[in-house]
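S.K.: If you want the building blocks of each chain, they are given just below.
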Amino acid sequence: MFDILIYVALGGVFLSMLGLFYRVIKGPSVADRVIALDSIGISLISIVGLVSIILRTSDYLEVILLIGILAFIGTVAFSKYIEKGEIIERDRNQ
Amino acid sequence: MSVMHGAILLPILISLFIPLLAKRIPTIHTGWFVLVVPVLLVSYFSRFLPGTMSGETYTARMPWLPSLGIDFVTYLDGLGLLFALLITGIGSLVVLYSIFYLDAKKESLGTFYVYLLMFMTAMLGVVLSDNMVVLYLFWELTSISSFLLIAYWYERERSRYGAQKSMLITVFGGLAMLGGIAILSTLSGSLSIRETYASLASIQGEPFFTVALVLFLLAAFTKSAQFPFHIWLPDAMEAPTPVSAYLHSATMVKAGLYLVARFSPIFADESLWFYLVSSVGIFTLFWGSLNAVKQHDLKGILAYSTISQLGLIMSLLGLGAAALHVDVLDDGLYTIATVAAIFHLINHATFKGSLFMMAGIVDHETGTRDIRKLGGLAQLMPISMTIAMIGTLSMAGIPPFNGFLSKEMFLTGVLEVSGSDLFNLPSYGWIIPVLAVVGSIFTFVYSILIVRKTFFGKRQDDQLPKTPHEAPIGMLIPPLVLVSLVVIIGLFPNLLSNTLIRPAVEAILPQVVDAGGKIDVHITMWHGFKLEFFLTLLIFTVGFILYKTLPRWQSLYNRMPRAISLNHQYDALLRRGEQTSTRIHDTVMTGYMRSYLVYIFGFIVILILTALYGFDAFRFAVDPISSIHAYEIILALVLVSSALSITFARSRLTSIILLGVTGYTVALFFVLFRAPDLALTQLVIETVSVALFLLVFYRLPEISRKEERIPFKLGNALISALVGLTVTLVALASLSQRSFASIAKYYIDNVADLAAGGNMVNVILVDFRGFDTLFEIAVLALAGIGIFTMIKFRRTGGMDK
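Chains as they are written, first to last, in our numbering: chain A, -11 to 82; chain B, 15 to 815.
Hints in this document: simulated from the structure, not taken from any laboratory.
Here are the simulated SDA-like pairs of lysine to any residue, each with C-alpha atoms no more than 25 Å apart in a straight line:
hint, chain 1, residue 1, chain 2, residue 2
1, A, 68, B, 669
2, A, 14, B, 650
3, A, 14, B, 711
4, A, 14, B, 654
5, A, 14, B, 725
6, A, 72, B, 805
7, A, 68, B, 660
Okay, the calculated bits of chain A under chain B, using three or more residues with CB under 8 Å as the criterion:
hint, region
8, 27 to 37
9, 48 to 54
10, 59 to 72
As the structure is a prediction and not an experimental result, all values here were calculated from the model.
Heads up, the beta-carbon is just placed ideally off N, CA and C, and yes, glycines get one too.
In isolation and in its complexed conformation, chain A is listed as follows (with noise of 0.2 Å):
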C-alpha cells in the first residue's frame, strides 16, 4: 500500500517534471526557463527523496541538501545574469 502511494508520487512528480520541462523548451522568455529550471531543481529533490525511501537508503539525504543549495545558486547566476549581464561584478576600487 505504502509503495503504491510513493509510486504514485513520484509518477505525479515526474509528470510535473515533464510539464516543466516543456516550458524550458518551449520558453517563451528566458526567465520562464529559468524558473522552470529552478522548479525542476526542486522536482528533483522531491524524487531523490522518493527514491531514496525506494531504495531503503540514507546515502541520498546529502543529495537533496546539495540541490537545494545549487538549485538557488543557479537561479540567482541566471537571475543576475539576466538582470546585469554579468554574475560576478568586478570590484571597482581595484
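Based on these hints, arrange chain B on the given structure of chain A.
M.R.: Showing chain B alone in chain A's frame:
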C-alpha cells in the same frame, strides 16, 4: 680492424685534418698533402696483385653491429682489386691535376678535398665490402659526396640543379638496392654476398628473388647512368673538371657496373638478368652515342660518350651471363663478353679520364668549352692535342690503341652471343649487333668531332675569353700518364690479361670456374679476316662518311620534339609532383576544424564498422540486461528530448539551460543507479559549468550572438547519426560478450578489512587506486594554472581593449 679497414677509412680520416691544413698552411696548395693518401693506397693495393693472380682472396672482419649480422667485412678478390687500383690510381692523378686546376686563392680548397677524400673512402668501401648493408652505406656515401662535389660552385644555379638531379636519381636507385638487400638477405639468411652465393641453390626459385634482381638492377642502372636514368650525368658536368674526370667517368659511374659484376654470380642464372642487363646496356650505348653528336659543350659530348661506353660495358656484362647457360665447357665460350667488359672498363677509365682532363685544360686555357667557339688550337697546345688525339682515337676504336682491342672483343662477344641459340635469341638477336654497330659509328663520329673542332680548323681568337696557350706541366702530367697507359695497353695488352682481367673475370663468373672451365684471356691485335674485322671497317667507313656530311644531317636532331625528351619529362615529373601534392594538401588541409572533425569521425565510423562487420564481432545477448523500470524510461525520455532540443535550439541561452537539464538528469540517473558520490559531484560540476558557459556567452561579440538555429547539413547529420549508431553497436556488443568476471568482488570483500573504510568509491579513489587520483588532481591544477595564465598574461594591444 685490419690494415685493409684502415686503408678504406684512411681518406675520410685524413679529411678531418684537411680544413686545418688548408687554413694553417695557405702557402702550400692543400692538394699536395692530399696527394699522399691515394699514392700510399695505390702502393698498398698493388701489393695484393700477385695474390689475386693466383686466385687468393683476402678477408678481414671488424665487428660493427654483430647482433644484427652487420659487420664491416672486407673482401678483396680480383674484381675488388681492379676497382681499388682504378680508384686509387686515377685518384692520385686527379688530385695531382686538381692542384694545378684549382686556384688556391680563389677556391675553397679545404671543402673540395674533404669531399673528394670522403668520396674516395666511399668508393673503396663499395668495392671492398662483403656485407651488403655496409655496401649500401658506402653506396649512399658516394651519392652524397658526389652531390656535394657537383654543387661545389654552389652559387651557380646550374650546379645546384645538376646536384639535385643526380641526388634524386641515384638515391632513388640506392633505396631500391636497400629493398633488394632486404629481400635477398631475408631469403638467404645472411647479409654476406659470399654466403648468399653459397646458399644460392635454395633461394633461386623463390618468387621474390626476381624482385630483388630488378631492385639491384635499378640501383646499378641509376648509378651507372643507363637509359632512361642517364639524364643526371650530363647535368653533373657543372662540377669542377677533376670531379667530372674522377667521379663521372672513371669511378662512381662504374659503381653500377661493379654492382652488376659483383652480383652476377647470384643473379646471372636468371634469364631476366641477361635480358635486362644486355638490352638496357646496348640501348644506352646507342642512345648515348646518338646524343653525343649533337652536343656543343666538350664536357657534354664526353658525358654522353661516357653514358654510351658504360652502356657498352653493361651490355657485355649481360651478354657474359650467357656463359652460365651452356653446359658444354668449350674453351671460353661466351666468357669473351665478360673479358671484354673488364678490359673495356679499364680502357675507358684511362682514355676518358685523359679526355676529361684535356677538356679541363682547354677550358682553363681558353675560357670556354663550346666547340663552336674553339678551333685551331693545335699549334698553341700541341701536348693537349696529342692527348686528345690518342684519347679520342682509342675511344673511336682505332688501332693501335687499347680502345680498338676492346671494341673488337666487344663485337666478337656480341656476335658470339647473339648468334647462339639461347634465350630466343635466334628470333630477334640481330637487334643487338645492329645497335652495337650503329652506336659504334656514332662513337666514331663524335670522337673525330672532339679533336677536329677543338684543335683544327680556323682559330677564332675573338670568340675566346682568354688568350690560349699551353697548360702548365703539372696539369699535363696526369693526362699524359693516362694516354701513355692507353698506348702501352694498346701495344702490349697481355700485360693486363693475367694480372687484372683474369682474376676479375673469375670473380664475376665463379660458376664457370667451379665447373672446371678455364678462363683463358689472350688478347691479340690481329685475329684474322673474321666478321668483326669487316664490321670495324664498316664502322670506320660509314662513320667517316657521316662525319663529312655532318652539317647536312645535324639539323635532324632539332626535329626531335622537346616534349618527348627525357629531361623535359623529368622536369615535368618534378613540377607535376609538386603541383599535385600542393593541390592535395590544399584540398585536404582546409584549416577548418569542422572538416578535420569530419575526417576523424568518418574514419572512426569506417574503421569500427568494418571491424565489427569483418570480424563478425556484433553480438546481442538478452540475459545480461536487468529489468527496466518505468521511471528509468521517463528519465531517459527527458534526457533524450533535452539533448535533441539542444541541436534544434534557436538561442544559445536555451542551449545552455538545456545542457543544464541534461546534466541534472544524468545526476538523477546516478541516483537511480545508486551512485550517491557521482550524483553529488555531477550536480556541483554541472552547476559550475553552466555558470561558466554563461560567463563565456556574455563575452561573445555582439555579432556572433545573433540568435539563429544551427544550419542543417545532410553530411553532418549523417555522420553524427553514424557515430551514434557505431557507439551504440559497440556498447551492445561489448555488453553481450563478457570474457571475464568483474574484479569488484575483491573490493567489496576488502574495503573494510584492508582499507578501514565504509565508502567503497572513496576507498578505491584514495586507497586501492590512489595513483589515478593523484594525476587527476594534477590535471585540475594544470587547468587552473592554465586558465590563470591565459587570463593574466594576455597579449596587450591588438584584440585587447
